[in-house]
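Sequences listed follow chains A and B, in order.
Quick note: the first sequence uses this note's numbering, first residue 1, plus one each step.
Quick note: the second sequence uses this note's numbering, first residue 1, plus one each step.
Incorrect hints may have been included.
[To be verified] Below, simulated DSS-like cross-link-like pairs (lysine-lysine); rule was C-alpha separation at most 25 Å, straight line:
hint: 1; chain 1: B; residue 1: K127; chain 2: B; residue 2: K81
hint: 2; chain 1: B; residue 1: K308; chain 2: B; residue 2: K324
hint: 3; chain 1: A; residue 1: K27; chain 2: A; residue 2: K225
hint: 4; chain 1: B; residue 1: K34; chain 2: B; residue 2: K49
hint: 5; chain 1: B; residue 1: K331; chain 2: A; residue 2: K249
hint: 6; chain 1: A; residue 1: K272; chain 2: B; residue 2: K362
hint: 7; chain 1: A; residue 1: K224; chain 2: A; residue 2: K105
hint: 8; chain 1: B; residue 1: K339; chain 2: A; residue 2: K249
hint: 9; chain 1: B; residue 1: K308; chain 2: A; residue 2: K272
hint: 10; chain 1: A; residue 1: K105; chain 2: A; residue 2: K72
hint: 11; chain 1: A; residue 1: K249; chain 2: A; residue 2: K72
hint: 12; chain 1: A; residue 1: K13; chain 2: A; residue 2: K224
hint: 13; chain 1: B; residue 1: K59; chain 2: B; residue 2: K32
hint: 14; chain 1: B; residue 1: K59; chain 2: A; residue 2: K272
hint: 15; chain 1: A; residue 1: K225; chain 2: A; residue 2: K72
These are calculated hints, taken from the structure and not from any lab test.
In this text the structure is predicted, and so the values were computed from the model without any measurement.
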Amino acid sequence: MAPKSCALCQNSKAILRRPKTGQHICKHCFFTVFETEVHNTIIQAHLFKPGDRVAIGASGGKDSTVLAYVMKTLNDRYQYGLNLFLLSVDEGITGYRDDSLETVKRNQEQYDMPLKIVSYEELYGWTMDRVVSAIGKKNNCTFCGVFRRQALDRGASGLGVDQIVTGHNADDIAETVLMNIMRGDIGRLGRCTAICTQGEDMIRRSKPFKYAYEKEIVMYAYFKKLDYFSTECIYSPDAYRGHARAFLKDLEAARPSAIIDIIHSGEAFELKEEVRATQKSQQTCKRCGYMSSNDLCKACSLLESLERGMSTAITDKGRRKLEAQGLTPDNMRTIPYFHPSSSVDAEAES
Amino acid sequence: MMAEFCGNPAVEAGEVLMPRKRKFDRSRICVKCKINPGNLVIRHSVYCKGCFTPLIFTKFHQALEPYINHVSVGPRRGALKPSGALLIGFSGGLGSSVLLDLVYQRYCANVGSDNLKGGREHPRKNKVWQKIYVCYVEVSDIFPETSDRTAQIREAIARYDGFELIPVRIQDAFDRTWWERVSGGAAPDLAGLPFDLGGGDSEPVAALQTHIRALPTPTAILSTLSTLTRLLLLYTAYSVSASHIVLGTSLTSLSISLISSISQGGGFVVPQAIQEEWFPQFVQRTIGDTSWNGEVRLVRPLRDVGMKECTAWVWWHQLLVVGKQRIPVPKQTIGDLTKNFIIGLERDYPSTVSTIAKTVGKLAPRGDSRVRCVLCELPTQQFVQRWKSRTSIRSFTDDASSMDTATSSLPHYLCYSCHTTLTSKSARSTATLNLHSSNSAPALNLPMWAATRLALELGSEQSVGPGAPANEIWETKKLDDGGMKSLVGEFLLENE
Ligand SMILES: [Zn+2]
Ligand SMILES: [Zn+2]
Ligand SMILES: [Zn+2]
Ligand SMILES: [Zn+2]
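All chains should be modelled from the sequences, with the hints used to inform the complete structure.
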């Protein structure tokens, strides 16, 4: 077969098949469409305004490494006028974070962006290594997820940023849509395709890679020669989610548009009005001031159960019962009170 | 980012965890009568054979009877008075065999007999349905590998008194005489349309085969057949003045089809997939009019009955099941994958299928749902093409803002799913469809209802849409693996 010319520019020779569309295109056009689609996402959702301080959730993995690069590129090209920061979470997992934090530190120099690292140790008094040795490998993704979410918010608050961008990609979002339907998680289903989420006191978060395929992120990193760490979580992941991910990959193989089609589906429905009315409203955690739908936020509940030596989150009811019996652990570790957007310590470590 | 740390990117605060399977219920005694030993485990509960039959009956009529009267009169309903006849969509498969039996037992057996419990309102006291039709859609003319099963189906239905069979063939969707019969009007003149609707294939089998050959994936073939079947049933129901269609979709099949539909971009219409209100395009409806004008309500009375319970019903009531026709397409369609996935998941997490149906039951389409797709006649969103071109750039010349207003091109009239069905390729696809202009082959044949509506919408307007997409030829070269390259290698056409 004769070499084909690029389906987009019709000039250069096609050197790759685009995972999302199956089109045969040249490298230059691949960069163009990848970046333009992210730009379209940003513009369509009015994600930023000039002068915004934006923290990029950076882990040293592929998504955030590419995100940092693309954010810098687009900020320069389209003059968004953003002040960009890197924000990392150190979960405290031996042998995992050290390498990937090196990547983040290198990004800090390459892109000339200030970097802040928040650690579980410092915030919660528990590293993930200790969590796992206390509760075993079951359920620890829940702990990690809850802790990370709050750690990011607190780090961002420390940086005094207006919002956090994360590297969640189209595969992640499609998978979450499926998961929430299969598990009946109505509350989350209603908001999982939202490009931008913001609770009352929380810092606005958005996902510029919402429509970017994981395969294309990897391809972009490859052609741009961006190095990253791809480390699988060393603790056992949620089996149910694992099934969902494998299923999504099969769907993508059968028809590559499946991923974006699922996201489209997720955007096309909403909760019935009568169902929405029954959703719990958000309040603030009585102990740490973070947003919460119960007396205590998820992180405080988990932390308390860790301190009490339990392996799952303690419920409000369970805790009241224990407290009524006078069973509160001595010197129980709690999370420092959250003061959103306190610009006092807005100095980034750099 | 945070993502690959857990292989578990979207792990967020306190997700719902699915309950794992418990091996046995507390006791092996039937949960209902608490006397007999259990014969069947339904999710977490054990039932005896004697209690199973009324249980299924209850699920069946609770899912159907509140929807029989055209205007619901609240929970304390009076007599059941459907506006028209009942049409049972029958495939010969497990669910529809059980449905046929249940409809017969509840509405036909011993009608008028005095020794019925339940008093005046019992559905058998007074005949609820004046007429019950069974409609079967045969696909064998399209696939030479399959055989015609109409005779077997006729036999299966003849075992029940009082059902009238209406045999339909899948190619009827492309048949002018069928269309003139069910719609009660003349088929449109397609010559004036700005794109080729394949008027050349006036023979219905050939027309449908041309349509199928032009589809880019096996997934598209199956979803096209199911759309055609659905509309053949709906128009048939309309033509015999049926106000209701019942389908034997079990809870298990319902959940599978919901996930499959979501995976094909059908999020806007999944809320209606459980129950649908349909009326033909040529019926004029006025807002606030509560009288019946030929609308058809599609109900799935087995939507709370799992596949396992259907199997038990067939076994205990000794039904003969003809079996569903297997469509000869390559494996690995989205429908197949979803089925395997859900059934596998159900083994470990028994509440999966009911959770899926329940969740979707809490959803509604986002935004205006009055405009309907010409092909599937389900509600469609606006600006679908704009969304697609923004999130997946396929051309540098398309002007996204003009896409949704290019009323002379077919995509303007299609829903997201139908457009995806017609255009979304797999790595192996060779078919290329041109939905925009009339000057390039292959032409797209459309079913009669779609052609009719386009003819009405477009009149004699003559214009040609944007240019044809470039023809693509499949080409890959084997790459040396190692490092990052192995991750992207499958998408590289040759070494840099
Ligand atoms: Zn090019
Ligand atoms: Zn708290
Ligand atoms: Zn019993
Ligand atoms: Zn459609």
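Going down the list of hints, with the structure as the test:
1. For the proposed pair B:K127 and B:K81, the alpha carbon gap of about 10 Å is at most 25 Å, so the pair holds.
2. Between B:K308 and B:K324, the direct Cα distance comes to roughly 17 Å. Compliance with the 25 Å bound is thereby established for this hinted pair.
3. The hinted pair formed by A:K27 and A:K225 meets the criterion: a straight-line CA distance of about 13 Å does not exceed 25 Å.
4. Between B:K34 and B:K49, the direct Cα distance comes to roughly 12 Å. Compliance with the 25 Å bound is thereby established for this hinted pair.
5. Between B:K331 and A:K249 the alpha-carbon distance is near 16 Å, which keeps this suggested pair within the 25 Å criterion.
6. As the CA atoms of A:K272 and B:K362 are separated by approximately 6 Å, the hinted pair is consistent with the 25 Å bound.
7. Of the pairs offered as hints, the one joining A:K224 and A:K105 holds, with about 19 Å between alpha carbons and a cut-off of 25 Å not exceeded.
8. Distance restraint check for B:K339 and A:K249: the Cα-Cα separation of roughly 15 Å lies within the 25 Å cut-off, and the hinted pair is therefore satisfied.
9. Between the alpha carbons of B:K308 and A:K272 the distance comes to roughly 30 Å, so the proposed pair goes past 25 Å and is violated.
10. A distance of roughly 16 Å separates the Cα atoms of A:K105 and A:K72; the hinted pair therefore holds under the 25 Å criterion.
11. As the CA atoms of A:K249 and A:K72 are separated by approximately 30 Å, the hinted pair breaks the 25 Å bound.
12. Between A:K13 and A:K224 the alpha-carbon distance is near 18 Å, which keeps this suggested pair within the 25 Å criterion.
13. Proximity of B:K59 to B:K32 is assessed by CA-CA distance (about 15 Å); at most 25 Å being required, the pair is judged to hold.
14. For the given pair, B:K59 sits about 24 Å from A:K272 by alpha-carbon distance, which is consistent with the 25 Å threshold.
15. The straight-line distance between the Cα atoms of A:K225 and A:K72 is roughly 16 Å, inside the 25 Å bound, and the hint therefore holds.
Comparing the model with each earlier hint shows violations of hints 9 and 11; every other hint is respected.
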